[in-house]
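Undergrad: Build the complex: two chains, separate frames, hints provided.
Each protein sequence line maps, in turn, to chains A and B. Quick note on numbering: the first sequence equals residues 1 to 131 in the working numbering. Quick note on numbering: the second sequence equals residues 1 to 682 in the working numbering.
Think of the hints as simulated: they come from the structure by calculation, not from any bench. This list has only true hints and no planted wrong ones.
No farther apart than 20 Å at their CA atoms in a straight line, the calculated lysine to aspartate or glutamate pairs in the EDC-like style are these:
1. B:K627 / B:D637
2. B:K496 / A:D84
3. B:K375 / A:D84
4. B:K496 / A:D39
5. B:K503 / B:D458
6. A:K128 / A:D62
7. B:K580 / B:E535
8. B:K333 / B:E287
9. B:K417 / B:D484
Simulated restraints, written as ranges between beta carbons of each label pair:
10. B:G474 / A:G82: 31 to 39 Å
11. A:R21 / B:D484: 35 to 43 Å
12. A:T108 / B:P142: 52 to 60 Å
13. A:S102 / B:E146: 53 to 61 Å
14. B:H557 / A:R21: 31 to 39 Å
15. A:Q94 / B:K627: 55 to 63 Å
16. A:G82 / B:K331: 45 to 53 Å
17. B:Q542 / A:Q94: 50 to 58 Å
18. A:E107 / B:K414: 54 to 62 Å
19. A:G19 / B:H457: 47 to 55 Å
20. B:I231 / A:G82: 37 to 45 Å
21. A:E107 / B:P142: 53 to 61 Å
22. A:M123 / B:D502: 39 to 47 Å
23. B:G53 / A:S102: 58 to 66 Å
Beta carbons are placed, not taken as given, at the ideal position from N, Cα and C, and that holds for glycine.
In case you want the letters, here they are:
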Amino acid sequence: MSTSDDGDRLVCQIEELSGQRVADCYQCGCCTAGCPLGDLMEPGPARAIRLLQLGHARELLDSDGIWLCASCMVCGSRCPRGVDYAHIAEACRQIRIRQRFSHAGPETVTAAACEEIPQQAFMAAFRKYSG
Amino acid sequence: MTDDRRPERAAEGQMPGELRPDGGVAPGTRLGAARHAPRVGVFVCHCGINIGGVVRVPELVERVRAIPGIAVATDYQYCCSDPGQQIIRDAIKEHSLDRVVVACCSPTLHETTFRRASADAGLNQYLCEIANIREQCAWVTPDRDEATDKAESIVRMAIARAVNDAPLEPVGVDVNKRALVIGAGIAGIQSALDIANAGYEVVLVEKEPSIGGHMAQLSETFPTLDCSQCILTPRTVEAGRHPNIRLYSYSEVAEVSGYVGNFKVRIRQKPRYVDFDACTGCGLCMEKCPGRSESSFERGLTKQKAIYRLLPQAVPNRPVINADVCIYLQKGKCGVCAKICPTQAIRYDDKEKFVEEEVGAIVMATGYELIDHVKMGNYGIGRVPDVIDGLAFERLLSASGPTQGEVKRPSDGKTPKKVVFVQCAGSRDQEHGMPYCSKICCMYTAKQAILYKHRVHDGEAYVCYIDVRTPGKGFEEFYKRATDEGITYIRGKVSKIFRRGDKTVVWTADTLAGRKVELEADLVVLASAVIANPEGVKLARQLKLQVDQHGFQTEAHPKLRPVETLTGGFFLAGCGQGPKDIPETVAQASAAAAKVLAMFGQKRLFHAPTTASVDEDVCVGCGNCEKTCAYGAVQVDPKRRVAVVNVALCEGCGACAVACPSGAMSHNNFSKKGTYEMVDRA
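Here chain B stands alone, though its shape is the one from the complex (with noise of 0.2 Å):
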């Protein structure tokens, strides 16, 4: 750094308080609180021989004990222990310290720890500072010297920083103690009634007629064999009766605005076209109904009425119209529901609706979708008949599914007396569809298997798979089992399947035997690839919540938060966070309630103060850092022409003050003169 981009400080040479170019201190300083010249503290963490082992820490603490104006500097094994706390709280004590900096591991690990220790002996815990010489320095550079020089560089670093914070207090907002939960399957279903129990309301909106998600298409469900929909009609009746639930169902979230604690959302109710309160759910509109589309429910095996619900134990059991294929919406004429239904509860002139609800917390519960599979051609899929994916199946052993539980094929209706599995269907596959394992298939592929040689008894079962996966309680033996009934595994990818008269052909390959395997099949089921539900994806994408490269919405720690975002007041709940099976699902789903409920629990919620501020003085009301900012924190004072900053709203990014042309806008603790210093100490 050169003189000539900081003319100020030429101008007024070396100032009181400054540090100087050796990295000391001068005497007689006025910064931040400290009225006299910082007296700062370094502790070096050994961190066993993550750090000793690599920089050596004796020499680290000579060299940093020469800068001036440090008052003390020593060094322990492992700082974050009870008695390595206790040494920064007597140092601080005993020689007055008011800055600390603590060279050790990333703040994202011990940051509070030593803060909080630095709070109980009564200094600001703003005024304590991290160097990360673990993960930057010891941990990727190998050679002795070059790490020690380097580990002094970061300490340099962190006091020229630690001697530019100011003293600042966290920021207190009010919580709105109420949910929302988006997505109503079982994720959002559980979520929902954990909060609703705790005697907090809650706000769940789902965006199909009725609530259930994915898991009330399911037959039965692995490894127990339980009826998917007897073990969760009882949680939607629940769920649909609650006096601490709103549902809204057929709507979406629209719009999210506010920050955590006091949340305002704006919700699209879609039209309905039946009156909500009128309707009684007796059915005889659906009877009549002469209207017919694709059923996504039923997966495409049948057709459903204009007029329709998704199953018989619909919560809530309230039909809706698709407005796409109703003949009276399309052309004006028909109108059949409205003269049969003795109550007139149908409305052909509904609108869609908003809602405002206003909540403190949000649990996404988005859930999956199985991959499309126009990529991958060779699995015939839509173009071959016979070749149908595992929910698809599902449908087919389901008693209220579109063949009563009789295993039927799509092409002809006759039974399937030999069917194969394909595993991996776009799974585990980076070329195709996606490089995850899909977790769920290969005990879903067990199941189908053993209920299809149920419903058929002569009939014969091929699996073909990569590996089989059984990780969880009862799967191995599960996996066993079917073995034991008779379902022949073929290790072997499916290259292709085609269609040869009325049969399906399969191409795999027995790895196992080291040849080549053709199947001739009545009916083909694939186990597609899970993926992010596509509108969670794009909702997550609006809301400014953190997704990975396949659209999952990512926690905020892979291990120690894993149902907490980096957004505060969102939590995750189900597959929209990866793919899991029913148990982890609902596991995961009151761990996110769990979460939401200690959020509850407290009087106001604390948010770190290092946020963006203005300099009123300076700012000319550009407006650049408004347009700049991603949480909407930032806002031009339309009379002042001064920009303003919510400070409960700002993530303290830093993307405005890059913004601001006049260089009114800074961060807290993250000031151009600090940050200018740390560099020179580099």
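Chain A with its partners taken away, still in its complex shape (with noise of 0.2 Å):
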């Protein structure tokens, strides 16, 4: 594993956006255990810090774990470094959505969802996954 300067370069913005300082993660995992999409998040919160850490932020953007955190925030609350993965997350998504990167568009939405999901959801989902 190496770091590359555009690694290096994009975890700086994701911490200026985020404003955590992922060099204060001690990899407990505490995270990690207590997320409730821990089991299907990949990477799950510990993982895509220790991404960063070592400089591979481009892995952790192109991951679908970003895209799966729902912001509860039950990371940041129990994290003894008082570090909030949470707004990691949410700082990754800014970057992919500014590239104009869809996770999920109007083009994803099947028919049977429109008859059964609130219009409002749909903005609210649209606003959160797609560029």
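TA: Written as structure tokens, this is what we have:
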């Protein structure tokens, strides 16, 4: 594993947008342990922060994990080092959305879902998931 | 500094002996002891490259040499070395120096060295001053020009101060060769025994009814698995019957006055309601007592009687009555203990008593407690059944505990088949607990897991950890033994503990496998953070001892003076100073005893004479100084209405001199005039 200038630049950008310092994390895993989506999220909060500590920001930005975070903030509230992963995931999503990336755009919505899901929920989801 | 702030100087003009604005000394001085112009010698140390690599020492020496009144200025690689000191001694004789300034490291390191060297050459040691050009200049000023200029300023200031210094003699005080040890856990017991065995009297004060502290609660000790009580009780028995130890159990230190070598201690004896001399410790009263209360010794696992002793091997073996739950003392009915006592030792009218003791040295052995988990709600302690702390699990494992050493869970008394040990519960957690590592939990958790497996052969033990820290003799081998015995270590900090049915669920992560883990446990044991005993913190603050942000008592130097405090006569032993295990505690307690004995080996103690002093002609007796003094060293004489300084008590902090509105209070060798001149020369 090696860090790249691109990775370092992205990590700085993520730190600036999120207001978190990835170096504060000592990898205890408490965030992943409490995460309601910890079984599904890949990478989970602790591993995601580890990727950033090693400068592999590109790998995290390309992952599904950042889109799965529900911003429930349990990870941050129990973190012994005061690192809030929900803010980091949000920063990653912002970066991707500004690159005009869509994790879930209107084209992914099925007709059946249109029947079931309220309009407002669609709007909120597109605001969060599409660029 | 402008002249209008010092009108007397403007009026007097340039007096003989005053420092001239150029930093020199006017001829014909009559300052301090010197009856001629002070002949100042300046010695600049390179300290290898520490100073010499930044400050241009030869240039600094040239500049200092140009200051008028400097008899000699020179430099040397290491002034603190033997040849370096010899240069100073020779120069004092050769140039008839009567002031010495050494520009070197911090005075906390080598002030004594250079003052002794000066004294060897016949100069009063308090006429030697240090200019700190290492910590305050070379280490913090990277630019060589700036550093050289700054070093020159510091040296000029030290010269100004030295010129204003007066020769002083150390203050001698007698030593009362008795010691007070506060707290009778293993630390206090060890200190007390060491001092008592050396032939000095010891006053040992313990707040609980019997001695032994937390060590008496433990089952077995890591890494050897010795029975804790088996190795502790010989010490408690010895302390209890030692002719040189006066034991005050169920007592607290209420007040300490005096100073190093001569303390007066007021001890509060809590009412025991049992006549100490009449009671034989037969225990009949405890059998019949109907009153019940939570037992803190048993960590809430069982109730205790209103008349109780902590353990069967209690020293002293005398019960006490908990007045809060005694039916007779609360409602005036019952009295069973009094009726049944064969020696009529029950005294319901007992009151608290105060005794006074005089001692020369005090050992603080106030010990630890475990963190209160209220702030860590996600760990569920006190709310979720079958979540207990490490000390409670010790009681479950202990042969003298509430279950006679059988592991049974508190909720329903069943034998737990799956136990999860949670490390760092409050330690290494700056957000919800304590930022520090509690040091002992990794090892005691391994021990508890091993002992659990020994008691419950088909049981499963899991340890959730962040890092396993085993720096100690036999510790890593002990950790290996734990894993060899089938204990599963999972690397992840626990996030949440909650109840599901009759199981206690633990959410953690396996960071090595990169996944979330859920464990359904029968019993959860938290390795709770070690904190300074809150009552010890209160006492230390009351005694004006320095404590850190977490309440641990602060040693005088973290490496070289680990058992002394900055307050003369106080020494530290055990967990009141920081978390530590039993061997380390015993070693520190013996070290504290050695320091006490070193003090008792001296005929008189000497105290720095740089204390406050009063100009009685100027003092108006307003008492500001008395109110300001943190050491109780200044008092206003009610008859003469002037402040009087007890130099033995005065620590030389200077607060009184600042508070004095009339300028009567000053500080030896920190005169106002000297300080103004230092500012002028800077």
